[in-house]
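*Asks:* This is what each chain is made of:
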Amino acid sequence: MRQPGTKVLAGVAVTLALAGTVNAQETDVTIVLASEPVSLDPCMTAANDNGRVALGNIFNGLTARNPETGALEPALASSWTQLDGNKWEFDLRDGVTFHDGSPLDAEAVKYSIERTLNENLTCETRTKFFAGGEYAVEAADADTIVITTDATDPILPLKMANVMIHPTSVPFDELQRTAPGTGPYVLDDWAAGQRVLLTRYDGYWGETPEVATGKFIWRSESSVRAAMVTQGEADLAPSIAVQDVTEEYGVAYPNAESTRLNLDMLTPPLDDRRIREAIALAIDRDAMLGTVMSSGAEKATQLYHPTTIGWSDEVTMWEYDPERARALLDEAKADGVPIDAPIQFIGRIGHFPGAKDFHEVIAIMLSDVGLNVELEWVEAAVKNRLQVKPFEEGRRAQIFVDQHDNTSGDPVFTLPSRYGSEGAQSKVADPELDQLLKEAAGATGEARVDAWKAAAAKIEEILPDTMLFHMVGYAAIGDGIEYTPTMFTNSSVQLADISLK
Amino acid sequence: MLAEFLFRRVFYSCIALLGLVVAVFLLARLTGDPSVLYLPDTATAVMREQFREAHGYNDPIVVQLGRYVWNALHLDFGMSLRQNVPAMDAVLQAFPWTLRLAGVTVLLAMIVAMTIGPLAAYRPGSIFDRIASVLSLAAASTPDFWLAILGILVFAVHLGVLPTSGTGGFAYWILPIGVLMFKITGTTTQVVRGSMISSLASPYVKAARAKGMPENRIIFLHALRNSVISAVTVAGDQTRGLINGAVIVESVFGWPGVGKLMIDAITQRDFAVVQAAVLVTAACIFLLNIILDLIYAALDPRIDLH
Amino acid sequence: MTRWKEFDVKRGSSGPLLQVQGLEVEFRTGGRVVHAVNGIDIDVRRGETVAVLGESGSGKSITFEAILGTLDSPPGHVTGGRAEFEGQNLFDLSPRRRRAICGDRIGMIFQDPLSALNPVYTVGWQMAEMYRVHRHLGRAEARRQSMDMLARVGIPDVQRRIDNYPHEFSGGMRQRLVIAMALAVDPALVIADEPTTALDVTVEAQILALLRDLQRERGMGLILITHSMAVAAEIADRICVMYAGQVVERGDVRTLFGSPAHPYTAGLLHSLPGVAAARHRRLTPIPGQPPDLAHIPPGCPFHPRCPRAEARCRAEPPALRPVGDGQREAACHFAEELLAAAPTAQQDEGHAR
Ligand SMILES: Nc1ncnc2c1ncn2[C@@H]1O[C@H](COP(=O)(O)OP(=O)(O)O)[C@@H](O)[C@H]1O
Ligand SMILES: [Mg+2]
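Residue numbers (my numbering), protein chains in the order written: chain A, 1 to 501; chain B, 1 to 306; chain C, 1 to 353.
Hints are computed from structural coordinates only; laboratory data are not their basis. Some clues are possibly wrong.
Said to hold, decoys possible - So these bits of chain B aren't anywhere near chain A, every CB distance computed over 12 Å:
1. V10
2. D76
3. A90
4. P124
What the hints assert, rightly or not - Output of the computed footprint for chain C on chain B, the stretches with three or more beta carbons under 8 Å from beta carbons of chain C:
5. 199–213
6. 290–303
What the hints assert, rightly or not - A few chain C residues that don't get close to chain B, going by computed Cβ distances all over 12 Å:
7. Q19
8. D104
9. G107
10. P113
11. L117
12. H167
13. V178
14. D213
15. D252
16. R254
17. I286
18. H295
Just so you know, even glycine gets a beta-carbon here, dropped at the ideal spot from N, CA and C.
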């Protein structure tokens with residue numbers, strides 16, 4: 001972005017960068033996001049646009065995940081225990097107050113959980129983390145809360161990291177612009193369309209963060225976000241495109257997104273496993289890395305990161321083998337599989353930076369082994385509709401590129417909806433797999449790890465899709481601050497993690 | 001007569017607005033099941049059903065429409081499904097930003113076009129005319145997006161004289177207006193030049209010369225007055241375009257206008273906001289059309305308001 | 001030339017008001033050169049009416065645009081000749097001084113009054129600017145004089161009509177408006193370019209009568225451009241016949257129509273045989289087409305259409321020279337033969353006049 005050798009310009013840029021530093025010394029930080037939060041209601045933080053601003057800044061959950069290790073740590077709950085299979089007890093931290101001055105107590109927690117699960121509200125947190133299941137919440141005493149589930153829920157503490165706690169003054173049946181929380185920052189001002197201003201909350205229960213005010217703004221263009229950091233207008237742009245990365249300000253980090261080719265295994269010719277295996281063999285992942293895919297990305301065997309519990313190292317990493325792919329297709333053809341049947345390869349317009357080349361290269365690779373692939377581009381909403389049940393009747397076979405992020409640390413938020421026979425976007429209906437998924441979802445400890453591994457093996461056997469990559473993101477970080485983006489950065493930018501130089 | 005004209009126009013505009021509201025409502029519903037579009041893909045069928053029930057999407061479409069129109073007549077345009085504020089509030093907050101941007105842009109563009117256009121037209125084919133024509137053609141066909149990014153790179157990043165984007169003092173207006181002006185000034189200059197050339201070649205200008213009128217009187221009174229009409233037509237079109245939302249410029253510069261709001265609302269399937277935005281922009285465009293008609297009538301006596 | 005000046009004209013005063021000599025105008029467009037006017041001589045005296053007659057495209061309008069300086073330039077250029085008006089060569093003047101003479105000393109009346117009037121200003125405004133620019137009068141006085149002039153040209157209800165726009169008037173009324181503007185500041189010379197072509201017959205007669213009355217009243221010189229022989233015969237003292245940007249014949253109206261000395265004039269007259277001439281108001285075309293002005297044939301420009309053409313006509317351009325009794329000039333090698341051969345036409349034309 002900056003032209004080397006143009007000293008005057010560089011001088012100007014340095015001056016402006018210094019301006020940014022001055023800004024930072026005043027302990028104000030400006031963060032430029034790609035989009036404005038839609039709502040800062042505590043139960044809407046599961047949507048990334050909202051979570052980036054609100055999670056861990058305005059609100060806390062009972063638990064929280066360590067940004068570096070991914071381990072579950074105490075937050076508003078100082079400890080928790082599983083009383084029996086269906087019962088969990090959480091002890092609340094002492095001396096926590098909400099931004100409105102009221103103290104944190106079991107009533108507030110009970111109210112927060114119940115409001116999040118309220119059927120009259122369309123809470124992102126409920127739809128994302130609490131699909132199915134009954135939860136009865138009781139305040140055992142002022143500092144203790146007991147949650148009873150209808151079925152065993154071994155990862156309830158993990159789920160509780162996503163339920164934001166607020167006082168009982170928040171209306172139960174009505175979504176809010178925002179609400180008081182317990183986080184280190186208070187929403188000071190939200191000028192719609194322009195900025196969200198968070199200021200430090202003096203009564204915060206944890207360590208006082210360095211940053212006094214955090215200003216969140218948004219620009220749709222990655223190049224503008226990057227320029228704002230180089231110009232000192234912003235201190236942090238958590239997500240920029242690879243072409244806007246500069247040596248001085250750019251940082252790569254795993255952004256928790258993983259991609260796969262979602263194959264329509266209900267429609268010929270994709271209903272034949274040999275065809276699906278041929279597709280897995282037809283993709284030259286190594287050639288894609290560093291060309292249509294950032295070289296920082298990693299080849300994937302499962303749709304969640306290796307840090308996720310139950311990630312299996314026994315799933316095949318498919319190697320590029322077009323000869324074998326063609327042989328499989330010939331074999332299938334000999335058995336009467338219509339391998340010439342047209343396959344719609346459906347791309348979503350503007351899915352991710354570089355998506356166009358990404359799709360085109362894949363289409364070429366698939367055609368190369370002899371599949372009749374037609375690349376088509378649709379709007380996000382159209383793709384969403386096509387991918388959710390009920391599926392279109394009488395369709396041609398479809399292939400989608402899916403991107404999925406599971407930062408929760410547990411495959412339960414990935415596998416059942418995609419591979420279970422009840423899953424909203426699942427084309428798999430395998431009783432054996434259903435059983436494995438159900439077991440895994442109900443298991444704890446080592447048993448849970450093993451059960452997820454077994455499910456992963458079964459999925460490989462069925463082969464409903466072709467795994468591609470764990471993606472990387474890039475952040476632009478200004479001179480005035482220190483910040484290490486993690487796989488959580490995409491869903492929450494915590495001002496407390498920012499330190500000033 | 002004027003009162004009658006105004007009454008008639010406002011009356012028809014209201015009918016058109018009502019039609020528009022119905023059309024947008026139906027179109028929005030045609031794009032699919034709101035529960036699929038609105039809820040994340042992990043939501044279960046039960047959740048989707050609950051959502052539809054809670055928001056009345058299970059009622060027959062006519063019932064939904066009737067409810068919407070009835071509420072709209074009571075100035076209740078529904079809540080933004082996403083933002084949890086009245087949809088109309090969100091729109092009315094964004095609209096002035098767009099209006100101001102559009103107003104200043106069109107005004108400046110008109111001033112530039114009305115200066116360069118006649119000068120270029122006065123001696124067609126002269127060096128000045130050729131430079132003006134090439135530049136205005138280039139300006140008229142430069143893509144906004146590209147120009148916006150280039151403007152930021154040049155003026156904010158390399159020269160460091162302007163902020164990259166955002167809102168604030170005077171400096172923040174320069175790039176967005178500059179980018180928006182480019183195309184409008186180019187187009188308007190070309191139209192003014194063209195109509196000025198034909199005005200200057202028209203028999204009444206020849207007649208004015210034969211009458212011995214001085215040249216500046218001929219250009220600025222006889223010819224320009226006729227070209228102003230076509231300039232107003234283009235400027236009107238451009239303003240309509242801008243009121244509809246300078247989407248690209250608003251997005252790139254983080255300008256909190258109605259174009260950005262509308263695009264966001266469409267991608268988020270926030271129907272109430274989309275409808276309110278369409279309603280307000282359409283009402284504003286109807287108003288603009290009435291004002292334009294009045295300006296035409298004032299500029300051209302041959303136009304009859306009936 | 002000298003003979004022409006010695007003519008005794010009925011209402012004419014002494015020296016010529018406008019004397020055009022050898023005027024040449026070219027249009028240069030994309031490598032093509034159109035010779036629209038090729039060495040024209042025309043004189044007008046005070047109080048005299050000269051009709052300039054010719055087929056459409058013969059260069060009548062361009063001649064007077066060149067003189068007034070309203071030629072579209074480019075592509076039009078005056079490439080030769082002089083135009084002396086009240087003793088000074090208009091082509092020597094600065095554009096500003098020349099413009100000052102327009103309207104003030106020379107008034108112009110156009111063929112299509114609607115397009116000659118600015119549609120977006122009231123007639124009062126357009127009238128008043130004559131007084132304001134040329135006479136430097138104030139608003140009120142300019143308006144008062146405008147009303148007088150409009151009343152003089154026969155606009156009814158001037159008090160009210162003065163604030164109307166051109167489109168609110170009928171064709172005849174519009175031509176009256178244009179006449180009022182041309183005559184507003186009492187010019188010495190008025191050029192009327194086909195002032196009645198766009199009007200119907202009854203209105204035409206009224207406008208011609210108005211022009212004649214005004215001319216008599218003010219003693220101005222009047223040049224009437226027309227392609228109608230009837231109009232020329234009705235109003236002119238002298239006639240000047242143009243063909244392909246040249247004057248082919250000129251002289252006293254009676255003489256010229258009585259016995260044309262140029263086959264082109266004769267052709268124009270013969271195409272209106274006998275008494276029928278009185279009713280046929282427009283020229284019936286002579287067989288053939290006028291020449292392409294970018295490629296005017298060598299010799300006499302009329303030879304391709306001329307029944308009398310001989311080898312000499314194709315080679316040698318005839319000069320405009322006095323013929324017959326010396327009351328007229330013609331540009332034809334056979335002018336004398338023609339005069340001798342057509343004695344009867346004079347009587348026919350006598351009726352028509
Ligand atoms: N702008 C122009 N460009 C080229 N040629 C022109 C232009 N104006 C007039 N002419 C030529 O000059 C000739 C004379 O035109 P004009 O004087 O208007 O004829 P008329 O005798 O009918 O008034 C036309 O035949 C035409 O060829
Ligand atoms: Mg003419």
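*Asks:* Against this structure, judge whether each hint is valid.
*Replies:* Against the structure, the hints come out as follows:
| no. | hint | result |
| --- | --- | --- |
| 1 | V10 | holds, 30 Å |
| 2 | D76 | holds, 16 Å |
| 3 | A90 | violated, 7 Å |
| 4 | P124 | holds, 40 Å |
| 5 | 199–213 | holds (count 12) |
| 6 | 290–303 | holds (count 4) |
| 7 | Q19 | holds, 20 Å |
| 8 | D104 | violated, 6 Å |
| 9 | G107 | violated, 8 Å |
| 10 | P113 | violated, 9 Å |
| 11 | L117 | violated, 6 Å |
| 12 | H167 | violated, 5 Å |
| 13 | V178 | violated, 8 Å |
| 14 | D213 | holds, 22 Å |
| 15 | D252 | holds, 29 Å |
| 16 | R254 | holds, 32 Å |
| 17 | I286 | holds, 29 Å |
| 18 | H295 | holds, 26 Å |
Hint violations for this structure: numbers 3, 8, 9, 10, 11, 12, 13, all remaining hints satisfied.
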